[in-house]
Structures are given as structure tokens and as C-alpha cells.
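Starting from the structure of chain B, add chain E where the hints point.
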Amino acid sequence: MFERRLKVMLGLLVAALFVVILRLAQLQLVEGSHYRRRAEQSLILRPRQTPFVRGSILDRTGEVLASDEACWNVSVDFRVFAADIGNDPVSIRRLARQWRRAREYSASIPDEEIEQGLRREIADMWWEIGSFAAGRLRPASWEDPRERAIDVYDQVTRIRRAVTRWRGFDAPVGEEMVPHAVLTGLDSAEQIAARERFSRFPWVHVEPSTERRFGADATPLAHVLGRMGRVDAGLVADDPNADDPFARYRGDERVGVSGVEYAAERMVRGRRGQVTKDREGHLVEEGFIEAQNGRDVVLTLHGGLQRRLYRLLGETVETMPDSCGGSIVVLDVAGREVLALVSYPSYDPGRFDELYPVFRDDTERLPLRFRAVANRYAPGSTIKPLICLAGLMSGRITLSTRETCTGYLFDDVRDRWRCWRVHGTSQRKAHGSVDVVEALVGSCNVFMYRLGERLGVEGLCSAFDMVGIGRSSGIGLREESWGINPTPGWLMMNKNIRVTPGLARLFAIGQGEVSLTPLQVANLMATYASGRYRPVTLIRSDTPTPEWTLPVTSEQQMAVRRGIYGVVNDPDGTAYRHARFVNDRWALCGKTGSATSHPWPTAYRIPYVDVDGVENVALIPAGAKGGALERFEAEYPGAVADRDGVEVASRWPRHAAPGGQEHSHAWFGGYLQALDASGQPDWSSEPPVAFAVLVEFGGSGGRTSGPLARSVSAALVDMLGIELDVDSRKFEQVFP
Amino acid sequence: MRRAVLNLTQPGWVILFAIGVLVVVGMASIYVTDTHYVRGHDGPDNAAKQGVRILVSLALAVAVLHIGYQRIAQHAYAIFLAALVLLIPLLLARLLDSSFGGLTAPRNGAYRWIHLPGFLLQPSELMKVAYVLALAWYLRYRKNYRRFGGLMVPVLLSVVPICLILLEPDLGTALLLLPVLLSMLFMAGARKRHLAIILGIGLACMPLAWALIKGYQRARVTAVLLQSDRLRQAVIDHPDEYTLLATKRQAIEWAASSGYQLVHSKNAVGSGGLVGYGWGEGAYVRSTLLPDRHNDFIFSIIGHQWGLLGCLVILVAFMAIILAGVRIAGATTEPTGRLLAVGVLAMIASQVVINVGMSVGLMPITGMTLPFVSYGGSSLLTNFIAVALLISVSQNRPYLLATRPFEFAREQAGRSPLFEREELGGIADGIDDLRGPDEMAADAAGRRR
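Residue numbers (numbering that gives the first Met the number 0), protein chains in the order written: chain B, 0 to 735; chain E, 0 to 448.
So here's chain B without its partners, still in its complex pose (with noise of 0.2 Å):
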């Protein structure tokens, strides 16, 4: 029986073995080849994606302005965020393991002594990498490295979330695997000093990058270029190359959020390449991909009028008390290529997020606000000479039409319709008997109210838009404002309010609801000059956008820039005194505005109740209400606002009575107007480049803009040469 038994489970083992066989024959034989593949490719390291250079912004010169130079990283493993921040007891287990590994510890030290060790030398890691940024010659993207690993883990953790959501189950992302940069734009000096001092933690990583460098005196440039950000989610849900694994929008990366770097960004971008290697470290050939770099993008900017320009408008709003800002915007008039577009005050880019919450919290002078496009105002005088076209191609008025301006609409009204020469303790006499002309040149109030009654307010809409307003001028910029055009829908729906000749009147000479930027203001001027409507072009293109010629004979044109002409040169022009520039080749002309507006809030008092339910008084800076709740949101989390008791705490100007004192926004709008030999204006020759100046709170736009307009008028013809060559392509005409 021993030996049948023995037989049995000899048996029971040979059929045992015999399936192993089996087995082994299948995966060495018939399988092989697919597992021999499967092996050489186990060899071969995940590929990671290289950087491509963004492409660099030239002005129309050749300047490079904004570029991407290489760099270096400090990255950390996302786990050690995780053991720290997040105090996930599975990343510090992996953690000890690889350190255990990494020290070559002994299998006897228990592990927890081993995670205690670890949490000493990763605090030790913070402070090295801390007083490493510190002692840097740069400061310029200095800041706190654990701060910035807390945003990154909040970052992923959130990711997490939400692809736990859509997966149905938790599992780790794929930003949990690499490195995350905590110090950034390393030169190479630097980054070999960060490889010696960081060499003892395996999980810190110096990696190559790239970091976009600001010319020399970039402030008056910061707005036009704008800033670079981190990916939003809206951007990667419309990205146009999500199925492109090496274009497409990647949750680490800073693209452009504002600006021409938001604008170009299609353009800057290039494609990310890859580089595979084995286990071994070398490269695998067939793994390589070389990423393509962006393409430069060619402003049609002129960076050395804009700097000239900005110092200018600076060194007059310092001098203004009231005055906090202003704009100055230069049009090539023929292609209507932007020359300049300068907003002050402005900011040191290379130094933005060092400085965003100094910027952020200066509500008096709005250092990030881009004015030349993002703020309206209402235009003024400047708007007359359209409504004096405008009354002209409609057939309302002849250039012989005359009106007579007693300094009042209505004699017995006389604080509500009056002439601007009447206004306050003026003694100036009232412009009288005045024909289109001479309105322009004294810019008469009453002249316009009564064209105003007579187009109307559909008849003056008509004219905005022909001219582009309440529509986009074209220039691509994601901050741009597209002015407010108020058609009697628009009053409607946003104001609640029906057409009234009052309402005519007020549009007709620039106030009431209508509003445009610096940008609108300047192409309106190069409107003016060539009787042609065209879209403004920032970013160089070889189509050349529409042109709109105004349906107005060449004699009504003619008149308009005559009177134009006048508000400068003419003793009797609102603007001769302050503004007057001429030389033996060019004559300023333009309109001056002076338009009223109100002192915008600076701060919110914010009633609220604490946590422990003591009554309290917030006070936040901030530009809108909703804005300052939602700061106060932030900074003082648990405590409930009571939300119908926020009021004004401040407004700018300082001193503006509560009961809202009118000031006044200061523009000057113009072109520059070739003379003949005899001195006299050339007027078959059409102004080359047109301009409009605002200053913020400037009172009157003859007494403040006017000399700066001057100033501009000379900085032009020095930086463009005196035949004012602006070099730009004149493009034939293209028609809607």
C-alpha cells in the first residue's frame, strides 16, 4: 500500500510539474516573441516632454521686449509635499523607504525612527532651499518655496478631487508623480551651487526650464505685454490642441493670461518635444522628438516713443493733485497700426509677483489697470467733430448752416443747457452767431444740443457705431473695453430708460452714457484726419483688416479738419493757447475735452459680525463692491458680512465733497497736419499719425492735456523723423 500510495502522489507531482511545463512552453515558446518585446520595452523609461522656447515680442523696430531665456528649476517630488503638507502616512512610508534606501540604513532600524529622521531633514530641506532662495542676487521671483508647495498641493489635491468624481473611485493623478518647480529661473551659476547644496535629498531635483526676461525699462510696456499665468480650466476645455499630447495645455505649464502674451499666445506657443531614455540613462533614438519653438511675435509698437511717451504722461500727472493716471494712444493713421499705447502708472513686470499685493492694494492709482483700452470715459468735446460729420452726411446741417449761442440753450433754463465759455464765474462772452466750423474751433455747446435734437439719439448711435464704438476696435487684447454705444435699446435694458431730446443733446457733446477708451479716442482722431473708419492692428499680419470711408463729401471732410485745424492754430481755438505746436513742417491740430465724471470708491467698510459674534467694522480696499466682498471673504474667513450695510469708505480724489463734486477727465485728441512752404496747411496731404492724450481727473482738457499734447507733438516728430515715417505697410482698401 506504502508503495501505491507512493506512486499516487509521485503521480499527483509529475501531472503538477507537467502543467508547469505546459505553462513554461506557452510563455517561452509560443508567447515569446510578445514577451520578448514586452521585456526590451520595460527597459525604456516613461518619455518626458522637453520645453520649447515661447516665442519672443519685437517692437516694429526689431527691439526684443519680452523673451524666454534658459533657465533652471528646483523641483520637489510631489510626495514629499504630500508627507509634509498633506501628512499622508502612505507617501512618508514610500518616503522612509527611499530614504532608507538612499542612507543605506540598516534593516534593523525600525521605521519609525527612519519617518523621523525623514521629517527632521525635510524641514531641513525647507530651510536650506529657503536660505538658498534668500541669498540669491536676484529677488526678482523670490518667494517663500513651502508657500509655494502648499498652492501646488492645494492645486493637486483639488485635481484629485475632481478626477476622483468623474473616475468614481480615489486613486493618485498623474501630477502626483512628477516634480514640482518651488524655485525657479536659476542661471547656470546658480543652478550648479543648487545641485552640490541639494545633492543629499533624492527627492529634490534642479531641472532645465525657461522664464520669460523683460527688456531694459519694460514699466512703460508692462500693460501691452502683458503677464503669464498659470493654465485655468476654462483654457484647457477650449484648447484646440487637446489631441495633440505635445501642444496641448498641460496643468503645470504658464501661459499668457493678459496682454499680447494672452493675445499671441496661439503664436508664441510652440510644441513640447520628448526625450526617452532606458534604465541605464542613455537616450533612446527612437523616443526623441525635438520640440518645436514658438514664432516671434512683431508688435507694431514703437518701443522707444511708447517709453518716451509714458515719461511724459507721467511727469504731468505727478504735477496734477488730483490726477492719478492717464493714457496715451498714437495710430498710424493710413493703417491704423498702434505706435503707441502707454497707460500710466504702470509696473516693473519682472518684478510682478514680488509686488502683486502692493499693486493690488493701491486703489487710488490702479498701477494694473490698462487704460489706453480697458477704461471708458466719456469722451467730451473730442466726440464733436463726429457729430458734426454725422450731421453733415445726414443732410441735417449744411456747412452754411448757422446757429447763435447766447452761452444758453434756453434763456430761461440757464443752469441746465449752457455753453461751456459761460460755465461758473467765466466772464467770457458767448460764441454767437457760429457755422460748423467755428463751433469746432470754440467747440460751442450750444451748436451741438441743437444738432444733437435735431439727429437724435438713433441718429447719433448711427454715427458711434459707424465709427466703431460699443463694438471691438480690433486690437485682440482680452482686457479690451468696446465702449458703450447708447442705442435706445441699450438705455433700456441697462438703464431702464427712454430716449428724451435731453438725452441727444448730452451724447452730443461727449456726455451722458456714451463712453469710449483712450484707444477709441485716438482711432476717432485718425477718423477725423482721413474721413475712413479702419480697425487697429497691436500684432503684425499680412491681412490688412476692412476700411469703412465715411459717406461725407470731401468739402464737409474738408471743413471738419478745418475746424480741427483751428482749435490749436486759431487765436480763437480752445486749445491755442495751451497746445499750439508748429514747426516749418507740421502743425498740431485736435480737440480738447474736458468731461465730467465722478470720484470712483477706494475702499469699502464692510460691517460683519466674527466667529465669536462681536460686532466689528472691516475696512477693504478694493474698486467694487462685489470685489470687497469678496476680498473680505478671504481675509476674514468665518466671519458673516452684513451685506446691505457695506458702504463708500474713500473715494479718489481724496477731497471729493460727499455730495459727489464734479471733476473732470482732461483729453486731448489729434493729429499732426502738414503745412506747405508758405506755412500754410497742406490739405491734400493726409495726416500721417493721430493721437489722443487723457489724464485722469484733469481738469481742463485744454489746460492740462493741451502742453502734454504739445509734448507729444514734438516727441513724435523727433522719435518718427521728420518726415514721420512710421514705415507701416499701406494696405489697399479693403471694404466690409
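Simulated from the structure, these hints should not be mistaken for lab results.
Treat the hints with care, as some may be off.
[As the list claims (entries may be wrong)] As a list, the in silico DSBU-like pairs of lysine-lysine whose alpha-carbon atoms are at most 35 Å apart:
no.: 1; chain 1: E; residue 1: LYS48; chain 2: B; residue 2: LYS6
no.: 2; chain 1: E; residue 1: LYS213; chain 2: E; residue 2: LYS48
no.: 3; chain 1: E; residue 1: LYS48; chain 2: B; residue 2: LYS276
no.: 4; chain 1: E; residue 1: LYS213; chain 2: E; residue 2: LYS191
no.: 5; chain 1: E; residue 1: LYS247; chain 2: B; residue 2: LYS276
no.: 6; chain 1: E; residue 1: LYS142; chain 2: E; residue 2: LYS191
no.: 7; chain 1: B; residue 1: LYS6; chain 2: E; residue 2: LYS191
no.: 8; chain 1: E; residue 1: LYS247; chain 2: E; residue 2: LYS213
no.: 9; chain 1: B; residue 1: LYS624; chain 2: B; residue 2: LYS494
Everything numeric in this text was worked out from a predicted model, so none of it was measured.
Leaving out everything else, chain E in the frame of chain B:
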């Protein structure tokens, strides 16, 4: 009686030769994985350590041969008790969650090792051979295991070490004791019916065990099933219908988590083809992708380097040991020796089948070494001692004309059990050292009567 130190019989030479082949192949693989193993748990001198251990184990094996299995078997219960005592600090360490100053520090969350100066002792490995000894000693003259109730003592004898080892936790080693127990009972002549009932009870308890084991242990079992792409896809598509098998997440992450070792082990074996990449060549030698490739997964590395032929050499060597062992068991008439030989064979064969099976994806992955080939001192020591006992059985044939033990078939053929009893008692009279205390007492009583 003087004997030569190595007085090998023919099966002894066969076994020695086979072990030589296994050790050489194992050392070659350990050495090669060593040179490429930059940072490992045990440092880069595995091959040298293993060499020393082989020498130490050989010396101990020679000592065992010299002493002879009979004298060792007399102390079987003491040895078994000593091995149990060695398991207790690990149990305490696990329960108190303390490492006793690094003496029983856990690795990967398991308390299996006692850290002694110079080496790590794995008491569960020693337990294997102590268990075989004790079981052989217990069963050698009995017949009560032919009744169902009599099976309870050997089963209880197994439950204690199995529970202690399970608590470490070391599921693989604990479960290894079961085939050893079953084959020894079977070979000792337990009734098939009873064994089938025990097996049936065991199978009936499976759902309970399934509920009791930890999630990662369950995942190891299901990982084998999830090898099938179709099944995995089915779990992903209809996670609600397969909740017993795996969650959707386990199916998605299979290749990176519970199936990771399996995937790479299969890649390593399969890519070897017929003749393999050659010594020290191939992706899995050059990379450290396959964890534990120098101990638990050494068979995969052998298959990777030498292909199907290499695998067959290993299997043939084990088969040679088994066949030689079977000859030894068949040739000896001494009951202890017979059971000892059967237990040792069952132990080695089970380890081989489980280890090779898990390497090629037929078995769940457990921490099971391949005898004589894998890296690891305790395993080496245990197997060398076990084989030394086996050879010792072949050397020490008792000079008696006893009937062959455990031949119960004749009983059914009409021979009276009384006759057999007398036959054995009469002949065994003169050889005191072969008898257990209960036999001696019976004899003494008989003489008095």
C-alpha cells in the same frame, strides 16, 4: 560502530549532484543580479553572503549526517517546541507593535525575522523541518489515525505553528504545512475517506478564510485571475457583477499594483524563449524592475537567462531529488525514517510547485523561496538539513527483518492486526533505541505478565 563522515549511498550521490546543479545555477543568478543591483535592501554583496551560507549549511548537513536521523528524531518534540518558542517573540512583537530594540524589526510590515548579529533568522523556515520531524515521530508506531478521531492530534499539532506563522503574517509558509501534513498522513495510511472529509471541511471553510484574510492577500489571489484581459475588461465594464472578484479600481490598476510582480515575472520568463538571453544578459538582469528577483523570483531570472532549457534543468534536478527520495522512502523499513523521507519530499516538492507556479502565473504570489536556488539563509539551512535527514535515512537502514510499516492493505486482505502487532513487537525486542517510551512500557508490562 565507526562510519565514514560521508558514507553516501547511490541515491545520496544523486541528491548531492542535483543540489550541486541547483546551487550553481542559483549562485550564478544571484551573482549576476548582484552586480546590477545598485541599491538593495541587503547591500551589494548577496553572492558572497550566499556563498558563506551555503558553506555553513553544508557543514551543518554533514553534522546531521554524522549524528544520524534516529538520534535527532528522538528529540523531535524538543526541537518542535524550540521552534515554537522562537516564533513567540515575533508574535509578541506583532501584537505589541514593538521591535524590541530592533531585534524583531518588521520589513514590509511583516514580523518574520529575528535580527541576530551577522544574519537574519527566519524561525518559520526552521519550523518546517521541525514540524516534519515531530509529525514523523508522532505517527511512526500509531494506527489511531486510521480512525477519524485519531486524525485530530496531528491536525492540532499543525494548527499551533500554522496560527503562529499566520500571525506574523506569512501566509505562504503557513499554508505550506498543510500539503506536508496531508501527504504524511496519506503515506502513513490514513483512510482516503477521512482525508477527503478533512479536505472537504477545509474547502467549506474557504469562504470564511476569504472573509478573514486581509485585502492585499485577497488581491494576490484575484491578481492571478485578472491576468486574463477579457476578465479584467469585464470587471471594468460591469464592476457591480464582479464585486467578489475585484473592484473596478483593482482591475484598472492591476498591472501597476497587485499584478505588477506577476506581469514582470511573466515578461522575464516568457522573453527567455527557448535558450534565453545568456548569463548576465537581458532586460530583467540589467534592470531592477522585478522585485525580489534574487530570492522569491529567481526562477523567472533563470528562465530569462537560459530560457526553457534552463527551466527544464532546474525542474529535472528537483525531479531527481524527488525520485531519489522516493527510492529512499521505499527502501527503508524503519517507520520514522519512512515518514521523515515522505515529509521532506512533500516539503521540497510543494515549495518547488508553489514557487515555480507563482513565477509563471499559475499560483498566487506568496513569499515562497525555491529550495537551494533562492537567496536566503534560513531557507537554505532548512532545506540542507531536511535533505541531510533524507540521506541519513538511506544510510541507516536498520538491520531488522521487520515487515514494512504502514502496509495496511494486508489487513484488509484478512491478516489479523494482532499478528502484525506481535510480529513487530517480537522482532523489535532487541533494539531498544528504536522504541518509543510507550512501546517500552508495553514491553515491560508484557514481561511482567
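Outcome of the hint check:
1. Our distance criterion of 35 Å between C-alpha atoms is broken by LYS48 of chain E and LYS6 of chain B, whose separation comes to about 39 Å.
2. For a cut-off of 35 Å, the pair hint linking LYS213 of chain E to LYS48 of chain E stands: about 34 Å separates their Cα positions.
3. Taken as a hint, the LYS48 of chain E and LYS276 of chain B pair is honoured in the structure, with Cα atoms around 33 Å apart against an allowance of 35 Å.
4. About 33 Å separates the Cα atoms of LYS213 of chain E and LYS191 of chain E, which keeps this hinted pair within 35 Å; it holds.
5. Taking the CA atoms of LYS247 of chain E and LYS276 of chain B, the gap is near 32 Å; set against the 35 Å cutoff, the hint holds.
6. Among the hinted pairs, LYS142 of chain E with LYS191 of chain E is consistent with the structure: their alpha-carbon atoms are about 14 Å apart, no more than 35 Å.
7. The suggested pairing of LYS6 of chain B with LYS191 of chain E holds, with an alpha-carbon distance near 15 Å, which does not exceed 35 Å.
8. Of the pairs offered as hints, the one joining LYS247 of chain E and LYS213 of chain E holds, with about 18 Å between alpha carbons and a cut-off of 35 Å not exceeded.
9. For the hint linking LYS624 of chain B to LYS494 of chain B, the alpha-carbon distance of about 19 Å falls within 35 Å, and the restraint holds.
Violated hint: 1 only; the structure is consistent with all others.
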